[in-house]
Amino acid sequence: MSGKKYIIEGAGLPNWSNPISHAVVVNNMCFISGQLAINSHGNYIQASIKNETNLAFSNFFAALSNAGFSKEDVVFIDIAFDDLKDLPVVNAIFMKFFDEGKRPARTIYQAEALPFGGKIKITGTAVKDLTS
Amino acid sequence: MSGKKYIIEGAGLPNWSNPISHAVVVNNMCFISGQLAINSHGNYIQASIKNETNLAFSNFFAALSNAGFSKEDVVFIDIAFDDLKDLPVVNAIFMKFFDEGKRPARTIYQAEALPFGGKIKITGTAVKDLTS
Amino acid sequence: MSGKKYIIEGAGLPNWSNPISHAVVVNNMCFISGQLAINSHGNYIQASIKNETNLAFSNFFAALSNAGFSKEDVVFIDIAFDDLKDLPVVNAIFMKFFDEGKRPARTIYQAEALPFGGKIKITGTAVKDLTS
Chain H
736 MSGKKYIIEG AGLPNWSNPI SHAVVVNNMC FISGQLAINS HGNYIQASIK NETNLAFSNF
796 FAALSNAGFS KEDVVFIDIA FDDLKDLPVV NAIFMKFFDE GKRPARTIYQ AEALPFGGKI
856 KITGTAVKDL TS
Chain X
736 MSGKKYIIEG AGLPNWSNPI SHAVVVNNMC FISGQLAINS HGNYIQASIK NETNLAFSNF
796 FAALSNAGFS KEDVVFIDIA FDDLKDLPVV NAIFMKFFDE GKRPARTIYQ AEALPFGGKI
856 KITGTAVKDL TS
Chain W
736 MSGKKYIIEG AGLPNWSNPI SHAVVVNNMC FISGQLAINS HGNYIQASIK NETNLAFSNF
796 FAALSNAGFS KEDVVFIDIA FDDLKDLPVV NAIFMKFFDE GKRPARTIYQ AEALPFGGKI
856 KITGTAVKDL TS
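Protein chains in written order, with my numbering: chain H, 736 to 867; chain X, 736 to 867; chain W, 736 to 867.
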């Protein structure tokens with residue numbers, strides 16, 4: 736079991752000014768901060784739901800990767816929408832990232848507002864399977 | 736410790752079209768997807784808050800059961816409301832399902848909207864106590 | 736590894752009427768209920784965002800402490816806002832509580848409403864590092 740790690744910067748991660756870690760690793764678990772459509776310079780990139788979703792997932796997976804986890808380890812995802820009408824577009828992207836039969840549990844809802852006025856925020860938990 | 740499991744279908748679970756797992760089990764933990772008032776055919780059943788809450792909990796407990804967990808293992812529950820005025824009705828049901836003194840931690844809030852225009856969404860985490 | 740614990744009352748904790756636990760401990764993990772600006776008598780104290788945030792954090796840390804955990808064990812925090820414009824004030828407090836380089840992962844959003852009409856709700860997860 737590897738030691739505790741705070742992922743603050745790393746390849747592909749936004750250089751943000753938030754007073755938080757992108758991810759924290761402890762005892763084979765990885766807790767990932769809410770990821771938005773923010774580019775590497777820390778700027779929110781207002782775009783189509785497709786592009787915001789891809790950018791938010793890119794940051795999510797970068798946090799995961801810098802933490803030493805892979806997308807197969809993701810067991811739970813929390814997606815906040817600015818508008819739930821965007822769900823079909825998000826689902827199409829989601830299905831490409833996660834293989835059928837091995838998809839995480841998920842919860843979704845429409846927030847009144849997301850940081851920067853973003854369209855989507857993706858948070859989640861990854862756990863390494865100690866039995867495999 | 737049992738191996739990783741993705742609960743996609745099972746007794747009492749809605750046959751839904753969502754590209755996710757109802758629950759994922761890893762290392763004695765169970766992560767449950769947001770459960771709504773959806774019947775076994777995957778259709779949202781608009782009803783009173785009492786009936787929607789009972790149906791959402793029925794799906795929540797079905798996910799838990801198919802995952803090999805019991806309600807005593809539930810350590811955290813996240814309930815999203817369409818209207819927090821419904822809290823007394825939800826609390827009455829909640830108190831019947833979870834025994835006094837052994838109730839999970841919980842967080843509640845009012846979302847701007849829930850999938851299908853539902854009144855309530857229930858998500859949570861269960862963990863088997865390895866010391867018992 | 737200590738046994739399962741349900742934290743229902745304790746030093747510094749609101750004496751609330753909610754049918755839930757303030758925190759649940761299992762296998763070196765601690766799940767904390769959504770904490771609001773509620774005083775020791777269980778009454779919501781409407782105040783400035785600064786004061787509500789300090790009171791909510793006071794309850795959050797009291798739950799943690801009664802559970803046998805410290806703020807260094809906090810790996811994830813979920814903060815719901817009534818108004819995301821309050822973020823700078825909340826961040827200033829957050830930075831005082833958590834030391835740079837060891838801050839938890841975090842997710843934030845604006846809910847349509849929080850219990851009691853509160854301005855902020857703080858939930859989170861703590862995990863003891865078994866490798867240290």
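Derived by calculation from the structure, the hints in this document are not laboratory data.
It is possible that some hints are incorrect.
[Stated by the list, open to error] Restraint ranges, calculated between C-beta atoms of paired labels, are given here: (1) W:Asp818 to X:Gly803: 38 to 48 Å; (2) X:Leu865 to H:Ser867: 11 to 21 Å; (3) X:Lys831 to W:Pro823: 40 to 50 Å; (4) H:Glu807 to X:Asp864: 36 to 46 Å; (5) W:Lys806 to X:Lys820: 32 to 42 Å; (6) X:Lys837 to W:Thr866: 22 to 32 Å.
Everything numeric in this text was worked out from a predicted model, so none of it was measured.
Ideal Cβ positions, reconstructed from N, Cα and C, are used throughout, including at glycine.
Outcome of the hint check:
no. : hint                             : verdict
1   : W:Asp818 to X:Gly803: 38 to 48 Å : holds, 42 Å
2   : X:Leu865 to H:Ser867: 11 to 21 Å : holds, 18 Å
3   : X:Lys831 to W:Pro823: 40 to 50 Å : holds, 43 Å
4   : H:Glu807 to X:Asp864: 36 to 46 Å : violated, 27 Å
5   : W:Lys806 to X:Lys820: 32 to 42 Å : holds, 34 Å
6   : X:Lys837 to W:Thr866: 22 to 32 Å : holds, 30 Å
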